[in-house]
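S.K.: What follows is the residue order along each chain.
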Amino acid sequence: MENTQPLIEIEGLTKVFYTDEIETHALSGVHLKIERGEYVAMSGPSGCGKSTLLSIVGLLDTPTAGKYLLNGNEVENLDFSQRSRIRNQEIGFIFQSFNLIGDLTVYENVELPLTYRSGMAASERKRRVQESLERVGMAHRMRHYPSQLSGGQQQRVAVARALAGSPSILLADEPTGNLDSKNGEAVMELLRNLHREGSTICMVTHDPRFAAHADRNIHLFDGKVVSEEELQQQLAAIQV
Amino acid sequence: MQTLLQDVRYALRQMRKSPGFTVTVVLTLALGIGANTAIFSVVNAVLRHPEGVDRPGRVAVLHVDYKKLGLNIPEVSVPDYADAASLHKLVEAAAIGYQSGFNVEQNGQMTRLRAATVSRQWFQVFGARPILGRTFSAADELPHAAPVTVISYNLWQQQFGGATNVVGKSIELNQQAYRVIGVMRSDFDWPRERMLWVPIGLRPAAFSEHNRFNEGDTAVVRLKPGVTLAELNAGLREKKQEEFRLGTFNNYALQAGWSMYATSFTKYVAGPLRKPLYVLFGVVMLVLLIATANVAGLFLARSSARSREFAIRAALGASATRMVRQLVMETVLLAGTAALLGVAAGPAMGRLLLHMVPHNLAEGYLVRLQPEVLLFTAGIALLAALLAGIGPALRMTWRDQSVELREGGRSATASAEKQRLRSAFVIGEVAMAFLLLCGAGLFLVSLRDLQQVNPGFDAHHVMVGAVYFAGKELTRNQARQAEFVHTVVTNLSAQHGIKAAAAVYPIPFGTSMMASGFWIEGRPLGPNQAQMHSNISYATPGYLQVMRIPLIAGRWFTSEDRAKTTPVVVIDERLAHRWWPRSNPIGHQIRTNKHLPWATVIGVVGDVRGASLEQNTSDGMRYYPLAQANGYGAEFVARTREGLTQYRAQLREAVRQADGAQAISTSETLEALLANSLAGRRLIVWMLGAFAGLALLLSIIGIYGLISFVTTQRTGEMGVRMALGAQRSDVMYLVLSSVLRWTTAGMLCGAACSVAAYLVLRHFFADLGDGVLISIVCATAALILAGAIAGFLPARRAASVDPMEALRNE
Ligand SMILES: Nc1ncnc2c1ncn2[C@@H]1O[C@H](COP(=O)(O)OP(=O)(O)OP(=O)(O)O)[C@@H](O)[C@H]1O
Ligand SMILES: [Mg+2]
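If you read the sequences in order, they're chains A and B. Be aware that the first sequence starts at 1, since it is given in my numbering, and climbs by one per residue. Be aware that the second sequence starts at 241, since it is given in my numbering, and climbs by one per residue.
Derived from the structure by calculation, the hints contain no laboratory data. As the structure is a computational prediction, the values presented were derived from the model and not from experiment. For each residue, glycine too, the CB sits at the ideal point set by N, CA and C. Among the hints, a few may not be true.
Below, a sample of chain B positions facing chain A; criterion: calculated Cβ distance under 8 Å [as the list claims (entries may be wrong)]: (1) A379; (2) L382; (3) A385; (4) R443; (5) V960; (6) M962; (7) Q967; (8) D970; (9) P1043.
Take the sequences, apply the hints, and build the full model.
M.R.: Structure representation (structure tokens):
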């Protein structure tokens, strides 16, 4: 069955944080569509709501208001365990600080999301782990612990972990933020290859060089998606 | 000095900074130290330093052993005593005595006063001096000397109101006037609970070799300074060899494997409390270790929380020793505070403990804060401090400080590897708690089993009351005794609520036992054959019925078996099987010695335990009619209706009507006598139970502390796992499974320790085996439950971690 709907369709999404009587409007009316196979880069000044948007897209968090269709299904009002299940099957996360688990080997780290999926045979898990580690070029380090790897290698393992569950979309929040430029370059190269092989990617980045790799650039400002021109205007307004 | 002060100041500041931590540590340690102080103060009072005895290490008690008969008697005969007393090179003083009693009129009622009849050296052996007057002189022991007595502090207060002019006054004992020559110090109480002492005045005939195997007295000696118990025992053996050479002994001594030996007085007096106290001592040590492991875990937790601080200090040039010293200073201060609390609470706990010990075992022991106790507590506290501080100290010296700095800065998820040492402490704690729980279970099961051991009679609703014959008229006149006993039994039977009454002497599970050798007619002893031997008991016709002891064959005594009728004897099944394995004993003749007439065996009755439910030490029993014997006294037993409370008054009335000069000494239920015989065992069960509970609590705290610490450290990891799709239940399972891992490891160690402990304890306590499996099962269940309780909150906390944690950078 060919699915013609966009993978992600978000309309009028708002997110308000209430802390100590202060309301923070992290997102105020975001509209966003991401098609299958797209590579989207998101940028904007610090505090504009990029991570917040990404976490809602990744079902880590729920919106205050608005509509969110993932694969054509409404997901904004699901409970915790339903969201966990969808997260496990549809979403692959890549974090700025890698977030590998220190006690587990590279292999076990990559296997982790698969262990939360019921009814997957051990042999199938093994095959997938192997395959995703090969795709990021880390298969030879399977038995190592994260502390025995460089930052760039750790992030490649994290990418492998995101891939292992064959998710519909990879979400990356500043994946190169903790890496030097050489290692950052390598990880970006990896994401570009994955995109070429058909993965859908949504990445937050500050670096215009990396944003240029993407099919499409989204700019966030003050909790809203704005066009390039609008962004320049707004920034100019602040400078003055 | 300067830096030491600085360390103290720094440590105090640390204590003040985290009051919750300080209070937890101090209370945990205080509990361990207090429990140790308590048990040690009791051990010290009971096992090491009996009250009122001067240098108890030099006092020894003589025993007689008949190896071939399997008999061991803590009493000796007068010739035995003379032998020991003759070892002048070893012995400074020797004394002999026996427990006696006198009837005295108090408030218009005859009461029995517990007394001791002793030789004049008695007080010298114990180093006990009177507070008023003097003790016995040689003249007091002469045959026609005027009767004198040394009274106890208590009797002085009760009978004379503590009047200082009491010396020279007289007191009427068994209707004879005794002049008071001295008042003993209040703390001197040997033998136990005596109200007065009278001189024994041994006649030369008492020293005759005929009396050699007539053991009925307690003999004590004070060793010369520097002489050991082993030397005394060697001296006693030598003396025996010498007498064998001289031919002083008859063949019997050789046949029976007779010998005399001495044990330390402290061992002797501790009696049935000895084993339980050693077990408890081991147990509180375990509790202390658990408390210490707990504190060590807390320290470790804090030190890993402070590891960056330490790393920075190291970077700034502080040496590892300096930092270790600082930590040790902190633990010493905390343990010191705990020790103060422990010392304050310990003796009170000790006294409480003695309260829980059954009366007859604990009476006369005083728990006081002695220098030894203080020293012990200080030592224990120091040990605790060092053990508690050792974890962080080790870590600090093992670890490369620079690694610490880097790791703190980089890793998003704390590695649980850091907690390995702490896990070891928790595992150790669980193991010890498991051991204690198993021990408690083991002893509980054995106690329950022992309580169900059939003593051979039915103790329910049976009351017992003793009368020791007083006054010449009764003590020397067999016919009068028979008449007295008969009258009391008759009077008693007529009383309300009493179904049947009888008399016996001695009563099973009472304070005395009687035994002697005997001959069977027509069966001469072979040259190297040991003499036949059994316990003896005197009873009235109603005894079997009151006690519900089954009659197996023949008949029991009737009122027709009197002083002048044919002497008869009833034996128990054990004797019957032993000496008449394939024939009928009834009609055979036996006698105790050549001077007594043959008695005809008229019946066989069921076996009865004599003193212990734990071991069947019975040697067989011969019952003689009380009416055909000259005795010391009688225990009146009565089967009563349920809930009879006035037995003592009824017995007193029955006795008063029969003979106004007689008094009852004790009265209680037969069940209480049975229960008393298990007092030591019960004490262990109580204490083990209490300490096992404490240990369980401490383990819960320990597990909780570790798991919640680790879970907090792993918050980020939990967030990541959830971001990757873990359900809340997955995370809860993750936390609980690590609790389960620790408890399982601990339980495995604990089970191994328990089996080892069982293999050791088995040799000291009979009937300990049956509960092993059930104890292990219950201890396992208890600890799994404890783990679940301890792990529940942290697990729930972990499960409620927001997956957004994964996105957050530190
Ligand atoms: N849990 C929260 N509670 C309260 N306010 C929050 C929370 N998370 C984010 N915010 C606020 O929401 C706004 C958007 O934050 P967000 O983390 O999405 O910004 P960002 O664009 O990712 O910034 P950066 O580039 O610095 O990572 C900020 O003002 C932030 O302070
Ligand atoms: Mg962000």
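S.K.: Sort out which numbered hints this structure fails and list those numbers smallest first.
M.R.: Structure breaks hints 1, 2, 3 and 4.
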